[in-house]
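*Asks:* Based on the hints, put chains X and W in the right spot on chain H.
Protein chains in written order, with UniProt numbering: chain H, 1 to 668; chain X, 1 to 668; chain W, 1 to 668.
I should point out that these hints are in silico values taken from the structure, not numbers from a laboratory. Keep in mind that the hints are not guaranteed to be accurate.
One copy or any two copies: either way a pair holds, since identical chains are not told apart in the list.
Claimed, not checked - Restricting the straight-line Cα-Cα distance to at most 30 Å, the calculated cross-link-like pairs of lysine-lysine (DSSO-like) are:
| hint | residue 1 | residue 2 |
| --- | --- | --- |
| 1 | 28 | 175 |
| 2 | 66 | 406 |
| 3 | 295 | 3 |
| 4 | 166 | 406 |
| 5 | 368 | 408 |
| 6 | 101 | 161 |
| 7 | 28 | 592 |
| 8 | 166 | 295 |
| 9 | 101 | 209 |
| 10 | 175 | 125 |
| 11 | 101 | 164 |
| 12 | 28 | 668 |
| 13 | 86 | 164 |
| 14 | 514 | 658 |
| 15 | 175 | 66 |
| 16 | 428 | 514 |
| 17 | 164 | 213 |
| 18 | 86 | 96 |
| 19 | 101 | 86 |
| 20 | 514 | 86 |
| 21 | 96 | 568 |
| 22 | 101 | 166 |
| 23 | 592 | 125 |
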Amino acid sequence: MNKLLYGVAYYDEYMPYERLETDIQMMKEAGINVVRIAESTWSTHEPQNGVFDFTSVNRVLDAMYKAGIHVIVGTPTYAVPTWMVKEHPEVLAVTKNGQGKYGARQIMDITNPTYLFYAERIIRKLMENVKDHPAIIGYQIDNETKHYDTSGPNVQQRFIKYLKDKFETTDALNKEFGLAYWSNDVHAWEDMPSTVGTINGSFGAEFSKFQRKLVDDFLAWQVDIVKEYRKEGQFITQNFDFEWRGYSFGVQPNVNHFTASDPFDMTGVDIYHPTQEDLTGIEISFGGDVARSTKQQNYYVLETEAQAFSHWTPFPGQLRLQAFSHVASGANMVAYWHWHSIHNSFETYWKGLLSHDLQSNPVYNEAKTIGADFSRLSSKIMNLKKKNKTAILVSNESLTGLNWFKFKYDSELNYNDIVRLIYDELYKLNVEVDILHPGSENFEDYSLIIVPCLYVAPDELLDRLNQYVEHGGHAIFTFKSGFANEHVKVRTTSQPGIIEKACGVNYQMFVEPKNVKLAGNTYEVEEDKNRVHTWMELLTPTTAETLATYDHPAWGDYAAITGNEYGKGYATYIGCIVSSEMMSGILTQALKRASIWGEEQEVNFPLVIKSGINDEGKTIKYVFNYSFELQEIESPFSQSIDLLSNSIYQKGEPLTIKPWDFKILEMK
Amino acid sequence: MNKLLYGVAYYDEYMPYERLETDIQMMKEAGINVVRIAESTWSTHEPQNGVFDFTSVNRVLDAMYKAGIHVIVGTPTYAVPTWMVKEHPEVLAVTKNGQGKYGARQIMDITNPTYLFYAERIIRKLMENVKDHPAIIGYQIDNETKHYDTSGPNVQQRFIKYLKDKFETTDALNKEFGLAYWSNDVHAWEDMPSTVGTINGSFGAEFSKFQRKLVDDFLAWQVDIVKEYRKEGQFITQNFDFEWRGYSFGVQPNVNHFTASDPFDMTGVDIYHPTQEDLTGIEISFGGDVARSTKQQNYYVLETEAQAFSHWTPFPGQLRLQAFSHVASGANMVAYWHWHSIHNSFETYWKGLLSHDLQSNPVYNEAKTIGADFSRLSSKIMNLKKKNKTAILVSNESLTGLNWFKFKYDSELNYNDIVRLIYDELYKLNVEVDILHPGSENFEDYSLIIVPCLYVAPDELLDRLNQYVEHGGHAIFTFKSGFANEHVKVRTTSQPGIIEKACGVNYQMFVEPKNVKLAGNTYEVEEDKNRVHTWMELLTPTTAETLATYDHPAWGDYAAITGNEYGKGYATYIGCIVSSEMMSGILTQALKRASIWGEEQEVNFPLVIKSGINDEGKTIKYVFNYSFELQEIESPFSQSIDLLSNSIYQKGEPLTIKPWDFKILEMK
Amino acid sequence: MNKLLYGVAYYDEYMPYERLETDIQMMKEAGINVVRIAESTWSTHEPQNGVFDFTSVNRVLDAMYKAGIHVIVGTPTYAVPTWMVKEHPEVLAVTKNGQGKYGARQIMDITNPTYLFYAERIIRKLMENVKDHPAIIGYQIDNETKHYDTSGPNVQQRFIKYLKDKFETTDALNKEFGLAYWSNDVHAWEDMPSTVGTINGSFGAEFSKFQRKLVDDFLAWQVDIVKEYRKEGQFITQNFDFEWRGYSFGVQPNVNHFTASDPFDMTGVDIYHPTQEDLTGIEISFGGDVARSTKQQNYYVLETEAQAFSHWTPFPGQLRLQAFSHVASGANMVAYWHWHSIHNSFETYWKGLLSHDLQSNPVYNEAKTIGADFSRLSSKIMNLKKKNKTAILVSNESLTGLNWFKFKYDSELNYNDIVRLIYDELYKLNVEVDILHPGSENFEDYSLIIVPCLYVAPDELLDRLNQYVEHGGHAIFTFKSGFANEHVKVRTTSQPGIIEKACGVNYQMFVEPKNVKLAGNTYEVEEDKNRVHTWMELLTPTTAETLATYDHPAWGDYAAITGNEYGKGYATYIGCIVSSEMMSGILTQALKRASIWGEEQEVNFPLVIKSGINDEGKTIKYVFNYSFELQEIESPFSQSIDLLSNSIYQKGEPLTIKPWDFKILEMK
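For reference, chain H alone in the conformation it holds in the complex (with noise of 0.2 Å):
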């Protein structure tokens, strides 16, 4: 689409009485250009088996048509019908709790071919009858697909023919699992025991790849169905969505998004995250990263909170700031879930741009300013190109490894807590991101890669890490990287094992600090943000530099943070879990050395800044304003023209952000 795109799901299927016309008539006056429909509504298309009703649909598609805004139409096969679970039962998925009970969505087996064969023909049934409209700009396959945990005696069984593949005899498994512990080991593929009992890490991780798997298998087939349907100019997409914590908090354990999206136009996303005093920006910045890094293109916002909760809904001026957000991040578009709120059931309180009353209120009056600007603007900032010095490697398999083996037996931290200790440091210090992970193989485009506990990684990813720093790249390494292989097996070298090559730094013992800090306050943080917690390795550098040692009677001589000169560049490896506050000190000197660092770093949170060239060839740059008090700061720009006011700026002169506010500035 040549446009930006302001959407909400709409379901026609939920409203209370007969509300179409009205709707639209709304809609479009708030600048609404695309609806989503059918995702979650296969009951009503299908109501009894093998009786198909498109209604709905059908009048949605025409009215949106006669309307002029687009459609994006769903699969609906994420959430199953009554009557499919009455007469198949066994389509609900087995997990380590037993068999499902009916009710919420996303309880299916995805590997069921009974629930395959019903899906498949709801597809069908669904694309035949609306692949020729006109309104439909693209497919959502599914939604927020996962794995559900599917884990039943089927789904066990075909991993067991994934071991086979892999490993080919019983011995192989033993060895590289360490099944032998505790009498594990199996001597014929028979005797293979079910995952959900596991006590093995390498066994369960493995298990956890192997679903995450399952999930791009069932993405692509549904692509597959779909693509034999859809016309050229319409896209295939997936909402995906991240690791909630009650939002949209990290990578996402149950899929793998780098692998998943493959198949897709597209990428498309959920983002859910705090908001009135606490919102920050940090998870529209860090989904629309992950998103637009997957496909390394722009991506689709294809939800997020318009009032939603009593903790959700927008203070004035946050509605806009949200929605420009995702656009500073790449987003081409941003769509609410969802239109209106519902009267019923399990999402009553998850409010929609319209409240209950289903009339005009301040939050929707707020999103017609958006529909105005974005219509005004769109050619000037959509598409937006990032051109990132910095990227974070992630990895799946990393996730998986540090939950089964983790900081302590009973911490609360994991893996993603590491990533977002860094990234929201970076997103303070305005230092923008790509997301790397273990497949991609464009390291050498970024002046410095951060590598948070890499805890699971391959022989070959590790060398490769270290040819980038030989080859003059930055690198920062977390604790516990390269701890483990592949299959979760720890290496019998001294740690950080391969990386020690690049790192210049190895150490043999690893222990729980308790009231201990850096030894001179290295990153001269006030004194109580001094503290190191949770792990701590006591590092021996070999060729490293001392960046900081601990200040502790026992482990005083060990080193906590180094620095290693390898081949062209440098690499940093941070042996302990430190506050935010020095993590920032850390990633600062880090910047200086990679010759990142700039005016913009100068400009501190709770003022953003994103960039971007445009489809011109211009730079736009945002200047966000995350919080309730007025923020003045010297332009740190070239001459610059805010898009929304036409107000020229020239370097140095007062930029004034009032409280939740923004400014688009498009460089000369």
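*Replies:* Relative to chain H, chains X and W alone:
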């Protein structure tokens, strides 16, 4: 009975050695004039299937009769014998956790015909055995009956028929419950899923209502059987209990006391409450007000604590204080769970009047004084009638609705917290209340009706509340009232829906308060008590006056509390959860406006005043001191005589109440 | 063995590459003279049903023998192979959570005949294979054996027979367990319900006792098999473990160590404990005292931590301190779990002497000094005998009883907390103790017996305790002692029942203390340590003197702690839970009265003194410094020589102990 009853539960079956004559002697000395027997000991009376043995019942009846102690006989149906479950494991209720295991009481499916067959047989056998015994003054049906979340296939089957009767078509059901959401709708009754896994609050709440109806039906069925045998003058009662939070906290979620009490002659309840430093009398008062209101008559406290646990053993004086508090609320019986402490099993530490040594002790000795005073003052203090001007409207449906739709997904506050937030402050202001329910037809009897969180309500009820105000009533509605209809379907009007008429205020948005207070500290509380928490609605008055606004940078223009003249009456609307101290201020304001405020409201907790009119038409005033400190006030009453000491007090004369002590004043 | 053993668990099976010769070389350098093998690796030795392969056992035996390292061979029965569970899923224990899942160790039903058949076969095959090997000094039966809560139908069936044998009639059972309560009584053995759902503490506790007996039986059965093969001079041991709170905390609930150790020649235990800043040596001492007391002889520490987790990696010096602490308690072996760290599976982070790189490291280097000193000092410090005057009486039955009847329903304190409250203070006062149990017959060996929470006890035991005092013994009883009989039936006398005779005190009431302290701060502790919490009994002395009373407005007249001269002895009764500091005061008072107090009690923790008599009849005194601070005292000992440095100390001379260091003094 024409006297105050002072009683104990008595279990000859549990006694470690022959005690009957000794026990009766000690009971007589304590003034115990009624015992409750038989309701937990089915296995004693029917040791094997079809083998009956009422020896223990008969000997206790005979001995009590001889001693002039009355007996209440309970049907033993709430604890099933081992032989039954061994022969018919299917009598155990299937709940969302699967089928129960034998051990505890209250584990059977109260709709299971096998259970009902045996239950009917033991009831009839028992009744045939005892029906002519002159010791018996009444019968108790079962005990603390609830539905035990029975929700197995047979119960689901019945529920479908219930839904068919109610909605006739699946389409009507789908529409009203919003089942289209996430493909939950049914297009054939055969497809109806179990409610056990449902995520639809309307479906789930309707099932809870249906489960409460099962309790009504079960109790009515037993009453009908017992009525075939009971003699004239013998009452039939139940022992209802309350929401349990380690003590009797609030409205019972699993029984509708107002409908379930219908077939009974007399409402009986059990009330357990914190004591020692934490004794306030609030639960005694609350439970009593509910019990008295079910049938608008006096009631029996069939169980309350004697020594109970280490944390409930009363300080000297408290047992007396508690007993007379029950009577002051309108109880005509105060009975202890239980006479003697038990030497084995689950309630070993739920101690009775006698400790495990079965000897006289300080608590028992205090009971003696109660028995003596009850006997001496019976005609003066029993049958106390109330003429309360204030009532609180409670709703089981709203309680259930708010469990489905909490203030926030992880909110710990629920319906009863709000009921108690109001009740407790009224109590401390010495405002006595009646309890209304959606079926009450006597709204007009009250000057002020307080309506906490009436989240689920049919139009008809809300219309009646509007009328009540229009005709001159005063009402206080809190947040969330009027939000959803009787099927937990949110109203599609602006909120608070129908009661906007009386309240003159509406809102579309609600948010979670963080650091919010009322602007200007409207109710003049200590600074740290000026706190709005958990829930706030952004109110816009239409015809109402604003009583308070929020102190918040984004929401400061909205009203927090409003008042509205409507017809001849006045409606206060509270849009947010406030501290206890602020609630007291709001109530004070409304009580004054409704002309309920009087001198007794100037007397503050820990002094508690309770009033009533006795059979002679005399007004009795109790003044309780719920504290360790001696309290002295000027008597707010016209000339009165203390029935305990015969002292006479003129208005304004000093009235001194010792710690944990009280006066019973008869007004001249 | 006539030397101190210094050992490791060694798993050739788990090694990532061929290491045997290298490992043995490194062991020799560290003075390791014993390895423990085979006990977890059934699947290696029987890779398929009936296929046996003892290659790894044999090659390790041969290589160790060649190197002069002894071997303990374990029966591999505590971790079942995959093929067995695949063929016979029924070997997995059914617990209250249903049937287990394959994965972990210790998941089988130790009464299942299929399991027993295979277990016997693998034991016999293993024994036949190794029995003549000269490297073997002993055998370990299974590992950390417990009952794993096996409670399926077959176990219930046996339990019924056990009850029949014990009670003969169901009436006797009903009476003793109080089963009439809530209709739980049985009138035919066929009606006996499973214990899994029971709410009857007597029934439940009897089942726990029965389950512990299953462990006794299982171990004795294995011992009998192994005895058929073992040669003269070879010992048979078990590796008992303790109540686990992330470390070895207290009395093991699921095994009665005193009966289970009967068939063994030698008691072996594993002891894990906090270290780093949290190292106190208390668990080393407690576990050692239990182990030593089981058979009143020296014992083996078959497992303790080397590097273990990040939170247990020892500070420099601590590994030595720990090793000699074990020996000072009477251990003749100190062995590590384990030699090398594992590269996969559950215990990857439970690190051994070698880290994952299998190279020399600081902890291993410290082990070398231990091995050398053990070897050099063996004849002086092994076989240490104790002549303790103080003993603590522990009771598995009381532990179970207090789990059924907690101080309060939500109390977090349990039996072991009270045991440790006492034990820890004795430890800090340098009072060494033996551990008695209900079957002990040597009460008279002690001057002071401390009896914490002896909640469950037969008359006979209490009578013996009375006699002990009458004959001149000193005893301290705490609250709850004597309360219930051996079937957890509360005594019907006034409390504390039978021991009232010795204690001269009784009570009928007990309450939960809120803001209660001892009047007059009896034990002169800091104000905030004068705290009575969780439980208080309202004591009335009969013949006793009051040692302390409560400071409380209602309970101030009752005694809190009393002392009573009875016969020639003296009994202290503690009626409430007090702070550690107050407990120390109470113990000091009693120790002085019992003439146990001496100069060594004036030396305070973190200095810990341990004593014993060696084979030469010399007294050995250890002085440990459990702190980061250098400690200096005047030697309280007559002339002594430090066996490590050969320095000689006269009484009163300064004795300086470095941080985490110690002296071994031989008295002249």
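*Asks:* Hint by hint, note whether the structure agrees.
*Replies:* Going through the hints against the structure:
1. Taking CA atoms no more than 30 Å apart as the test, residue 28 paired with residue 175 passes between copies only; the shortest distance there is 28 Å, against 64 Å inside one copy.
2. For the homomeric pair residue 66 and residue 406, neither the shortest alpha-carbon distance inside one copy (56 Å) nor that between copies (41 Å) is at most 30 Å.
3. Within a single copy, residue 295 and residue 3 get their C-alpha atoms as close as 20 Å, which meets the 30 Å cut-off; across copies the closest is 68 Å, which misses it.
4. In this homomeric assembly, residue 166 and residue 406 come within 30 Å of each other (Cα to Cα) only inside a single copy, at 27 Å, whereas the closest approach across copies is 49 Å.
5. In the homo-oligomer, the alpha carbons of residue 368 and residue 408 lie at most 30 Å apart only across protomers (29 Å), although the nearest pairing inside one protomer, at 50 Å, exceeds that limit.
6. For a Cα distance limit of 30 Å, the shortest separation of residue 101 from residue 161 qualifies both inside one copy, at 29 Å, and across copies, at 21 Å.
7. Taking the shortest Cα distances, residue 28 and residue 592 never come within 30 Å of each other, neither inside one copy (48 Å) nor across copies (51 Å).
8. Taking the closest pair of Cα atoms, residue 166 and residue 295 come within 30 Å of each other only inside a single copy of the chain (28 Å); across copies the shortest separation is 53 Å, beyond that limit.
9. In this homomeric assembly, residue 101 and residue 209 come within 30 Å of each other (Cα to Cα) both inside a single copy, at 25 Å, and across copies, at 21 Å.
10. For the identical chains of this complex, residue 175 and residue 125 are inter-copy neighbours only, at 25 Å across copies versus 49 Å inside a copy, given an alpha-carbon limit of 30 Å.
11. In this assembly of identical chains, residue 101 and residue 164 lie within 30 Å of each other by CA distance solely across copies; the values are 23 Å between and 33 Å within a copy.
12. In this assembly of identical chains, the alpha carbons of residue 28 and residue 668 never lie at most 30 Å apart, being 34 Å within a copy and 76 Å across copies at closest.
13. In the homo-oligomer, the alpha carbons of residue 86 and residue 164 lie at most 30 Å apart only across protomers (18 Å), although the nearest pairing inside one protomer, at 36 Å, exceeds that limit.
14. Proximity of residue 514 and residue 658 under a CA criterion of 30 Å is satisfied inter-copy only: 22 Å between copies versus 43 Å inside one chain copy.
15. For a Cα distance limit of 30 Å, the shortest separation of residue 175 from residue 66 across copies, 28 Å, qualifies, whereas the shortest one inside one copy, 65 Å, does not.
16. For the homomeric pair residue 428 and residue 514, the shortest alpha-carbon distances inside one copy (28 Å) and between copies (24 Å) are both at most 30 Å.
17. In the homo-oligomer, the alpha carbons of residue 164 and residue 213 lie at most 30 Å apart inside one protomer (16 Å), although the nearest pairing across protomers, at 44 Å, exceeds that limit.
18. Proximity of residue 86 to residue 96 under the C-alpha cut-off of 30 Å is found in both arrangements, the shortest distances being 22 Å within a copy and 18 Å between copies.
19. Within a single copy, residue 101 and residue 86 get their C-alpha atoms as close as 11 Å, and across copies as close as 28 Å, so both meet the 30 Å cut-off.
20. In this assembly of identical chains, the alpha carbons of residue 514 and residue 86 never lie at most 30 Å apart, being 56 Å within a copy and 46 Å across copies at closest.
21. For a Cα distance limit of 30 Å, the shortest separation of residue 96 from residue 568 qualifies neither inside one copy, at 50 Å, nor across copies, at 63 Å.
22. Taking identical chains as interchangeable, the C-alpha atoms of residue 101 and residue 166 lie at most 30 Å apart only when they sit on different chains, with a minimum of 25 Å there against 34 Å within one chain.
23. With identical chains, the CA atoms of residue 592 and residue 125 are never at most 30 Å apart, being 58 Å at best within one copy and 67 Å at best between copies.
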